[in-house]
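> Here the protein sequences line up with chains D and X, keeping their order. Going by our numbering, the first residue of the first sequence is number 25, and it counts up by one from there. Going by our numbering, the first residue of the second sequence is number 834, and it counts up by one from there.
Rather than coming from a laboratory, the hints here were simulated on the basis of the structure. It should be emphasised that the depicted structure is a prediction, and the values quoted were computed from it without experimental measurement. Treat the hints loosely; a few may be bogus.
[What the hints assert, rightly or not] Result set (DSSO-like, lysine-lysine): computed pairs, CA atoms no more than 30 Å apart in a straight line:
1. X/Lys1279 / X/Lys1478
2. X/Lys1119 / X/Lys1271
3. X/Lys994 / D/Lys67
4. X/Lys1343 / X/Lys1279
5. D/Lys155 / X/Lys1470
[Stated by the list, open to error] Which chain D residues face chain X? A few, computed with CB under 10 Å, are given here:
6. Gln45
7. Gly47
8. Val51
9. Trp52
10. Leu58
11. Leu59
12. Val62
13. Ala63
14. Leu64
15. Thr145
16. Pro147
17. Leu215
Beta carbons are placed, not taken as given, at the ideal position from N, Cα and C, and that holds for glycine.
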Amino acid sequence: MTEVKTKNANTEEAQASTGPQWGRIIVWGGLLVLLTIVALGLKRTQEGPVGPGQDAPAFVLTTFDGQEIDSADLEGKVIVLNFWASWCKPCEQEAADLETAWQYYQERGDVVFLGVDYVDTEPEAMVYLNKFDISYPNGPDLGTRISQAYRIRGVPETYIIDQDGVLTHTQIGPFTSLSQITAVIDPLLEL
Amino acid sequence: MIANLGFGALVLTFIVSLYGIGAAFYGVRQNKPAWVDSARNGMLLTFPLLTLSALSIIVLLVTDHYEVAYVASVTSRSMPMYLKVTALWGGQAGSLIFWSWLMAVFASAVTLRKWERDREFLPWVIVVSLITLAFFLALNIFIENPFNRLWQFPSGQVIEKMFQPAGSTLFYPRDGQGLNPLLRHPGMIIHPPMLYLGFVSFVIPYAFAIAALVTGRTDDRWIRLTRRWTLWAWMFLSLGLVLGGRWAYDVLGWGGYWGWDPVEIAAFMPWLTGTAFLHSVIIQEKRGMLKQWNMVLIILTYSLVIFGTFLTRSGVLSSVHAFAQSAIGPLFFAFIGLTFVASLSLLLHRWNDLKAKAEMTSMLSREALFLFNNLLFIGILVVSFWGVIFPLISELFIGQKVTVGPPFYERANGPLMAGLLLLMAVAPLSAWGHSTIKTLGRAVWKPAVVAVAVVVAVIASGITNPYALIGIFLTALVIAVTLYEYWRGAMARGRRHGENFFVALWELIKRNRRRYGGYIIHLSMAMLAIGIIGIEMFQSETQDTLSQGETLTLGEYAMTYDSLAVFDAPDGRNVARAVVSVSKDGKPVGELYPRRDFFYDSQQPMTIPAVRSTLEDDFYVLLVDWEEISTSSATFKVYHNPLVKWMWLGSWLFIFGTLVAAWPEKERDLAPVRTRAAASVKA
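Isolated chain D, as found in the complex (with noise of 0.2 Å):
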């Protein structure tokens, strides 16, 4: 029983004693990595949010209808990847532009469009979608992963990915007209 305290004494006695002091190394290296770790996060918020040349953050995204879209089996198409929400007054703005450039680019086959819906609730999201007639795929953040993965600041937000999964063009606020959309898409497309 009183072996716990002997024990302690012993290794502290020890760390007087001998050279080098593991426990105080094990310390100060423990701090410096919870430091590094820290400046690092640090330093990715500051970069804002994921931009033009950077990787595509990979996602999964569950649509209202249970379907669950990987961005890793996309490879190879286009995607139109756009932050909306039903609160949002602005995404109004947007939406029939965006309808209407997916059903221009539809039958084409290699452009995909995805509706990420930030912090909303699904019966007022469904009445945005019918009000719209939006036909491309939908779905809810959940756990607000897509958006924290792409570090969105607001809705909308819209990201294009290319065919390589790199990220081309990133759209804050909504955009305002149908050809600024197709402005974007074509060149990805060599049209």
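Given chain D, put chain X in place with the hints provided.
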């Protein structure tokens, strides 16, 4: 004008703080007490100066000075006066000022105490407090200035600056953006100040600990001096946590009170080490043991306070509580690095001086059980810390932020918390120095019989969930043991002094307030545990769309949708308010009015639940959706939360318990002057 005044006061406080740090250093180095006194006066001056600065912001807030960027971002014309005042802590910049102001209150209070016997601590307490204060002031002055005004250029561009840039004119927005509706709740008005109070008041014991380390006066004097501070700090922090939970329960509409969100954990972590500290200092006082450990705990507590504030405010972790992304991260990080490294160096420097005088003689002695209690608290801390830091680590190694959810924390911390309950039940019965299974068993068997009887009764009522039964047993044991302790103590005293039971009980508590106040806190924790067991293990919920007159049922409850009205309230809200009537076991128990408020100024909706709360259970209704115009049908989400009211009642009891334990006594408890073996000033 007012903005300039406030900013001037802020800058002056910063300069005074820097002067105080320098003067205290110089005074102690050159052995010139006059300089230390001057530093002390400087520390006293920070309070009126910061009060002036904070008052300036409040004046700007209540007089609709929307040309000040902070005012425009947190208030609007339609907000009532009390919300405009409390908007002082509604945003990053203002809440940092508020933080500093509270810090100045505590720093001044500590300056005013009698220092004759502890002269050697004074300069170092000043240095630590003022460095902390100066850092927070620097955040305000250089990065998050609440007095920044809006300036417009001829091009139409508007920028935020303290002083007028060339070629621009002051810009007056017509109205402000208003306070986030989620924050417009009484709980939210008291929750942040309580939490900040808890945070800043832990700076004081830390400052004394560092002073003890620097001066080498490592006996338990610093602990005796700060014992009461620590209790108050602990109470404020606990209250901050509970009020946050209450706010979440009333406002957030997910039927819960605690979501293991990073920011909740950030406030919970210093609470864990603080609670461990409160227990382990008793061992140092009684047995001269755990001196190193106590230093570790108080340094950890302070570090976690700073670290938690950093995590919340730098945008490193995303959370419902996070402030908008801010540039204070790097400066904050530098400060964290500085304090961690400095504290650790000092601690390791004195490590060998802090060795124990006594040895642990029995694994069942009071001090051993206290040590186990500390280990469990640290266990919960490690689990929680890992959960918070894990997204950062995963982001580094696999490139994705993987967040761990409540199940992780619940599974890992549940057994540890059960262990704490067990110790809370057993430890008060064990003796200092030596206890055996036999002595402990003799003390515990009567309360244990009571606890078993409670469990049997619960099983008889049809509850069979084994985890719940374990929890109920432990909680019942804590309550039984604690009441038994009061009874035993009062009876013994009554026999000795010939007093009747109640007089004896009163005298007993009066003469050992720390111990019996502590037991009241134990009882309150048991009540908290009852509430937690109730809601965590027996919560049920349902959601349904009802036509007018239709009824849904949940357990013994039935709820009928009667009507719904949509109207504009005078304070800028559009309100949709449903009327539902509730019955239990077929007997009507009243009407409830769940509603949804839509705030025009900030364009944000807010769901306000309606709750029927009794000691037995809460019936909690949320209005989710409704048929526009006709209001012929509406969707409700309904929760049945058993026993949750015990949590809120428990928190009243722990305020009372802390007051009993911490209320100032006459100088008596400061009396035992220790020999000052290591009191020479080495710095």
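> All the hints need checking, so say for each whether the structure fits it.
Evaluated hints:
Between X/Lys1279 and X/Lys1478 the alpha-carbon distance is near 29 Å, which keeps this suggested pair within the 30 Å criterion. Restraint check: the Cα-Cα separation between X/Lys1119 and X/Lys1271 comes to about 23 Å, which is no more than 30 Å; the hinted pair holds. The straight-line distance between the Cα atoms of X/Lys994 and D/Lys67 is roughly 25 Å, inside the 30 Å bound, and the hint therefore holds. Between X/Lys1343 and X/Lys1279 the alpha-carbon distance is near 26 Å, which keeps this suggested pair within the 30 Å criterion.
For the proposed pair D/Lys155 and X/Lys1470, the alpha carbon gap of about 25 Å is at most 30 Å, so the pair holds. The closest approach between the C-beta of D/Gln45 and any C-beta of chain X is roughly 9 Å, which is under the 10 Å cut-off, so the hint is satisfied. Nearest Cβ of chain X to the Cβ of D/Gly47: about 9 Å, under the 10 Å cut. The hint holds. Hint status for D/Val51: holds, given a least beta-carbon distance of 7 Å to chain X, under 10 Å.
Hint status for D/Trp52: holds, given a least beta-carbon distance of 7 Å to chain X, under 10 Å. Annotation: interface hint on D/Leu58 holds; nearest CB of chain X at approximately 8 Å, less than 10 Å. A least Cβ separation of about 6 Å between D/Leu59 and chain X falls short of the 10 Å threshold, and the interface hint therefore holds. Proximity of D/Val62 to chain X holds as hinted, the smallest CB-CB distance being about 7 Å (cut-off 10 Å).
Taking 10 Å as the C-beta cut-off, the interface hint given for D/Ala63 holds, the closest approach to chain X being about 6 Å. With 10 Å as the threshold, the beta carbon of D/Leu64 comes within range of chain X, its nearest partner Cβ sitting at about 6 Å, so the hint holds. For D/Thr145, the interface hint holds, the least distance from its beta-carbon to any beta-carbon of chain X being 7 Å, beneath 10 Å. Using the Cβ-Cβ criterion of 10 Å, the hint placing D/Pro147 at the interface with chain X is satisfied: the shortest such distance is roughly 5 Å.
At its closest, the beta carbon of D/Leu215 sits 32 Å from a beta carbon of chain X; the interface hint therefore is violated under the 10 Å criterion.
Hint check: a violation occurs at hint 17 only; the rest are consistent with the structure.
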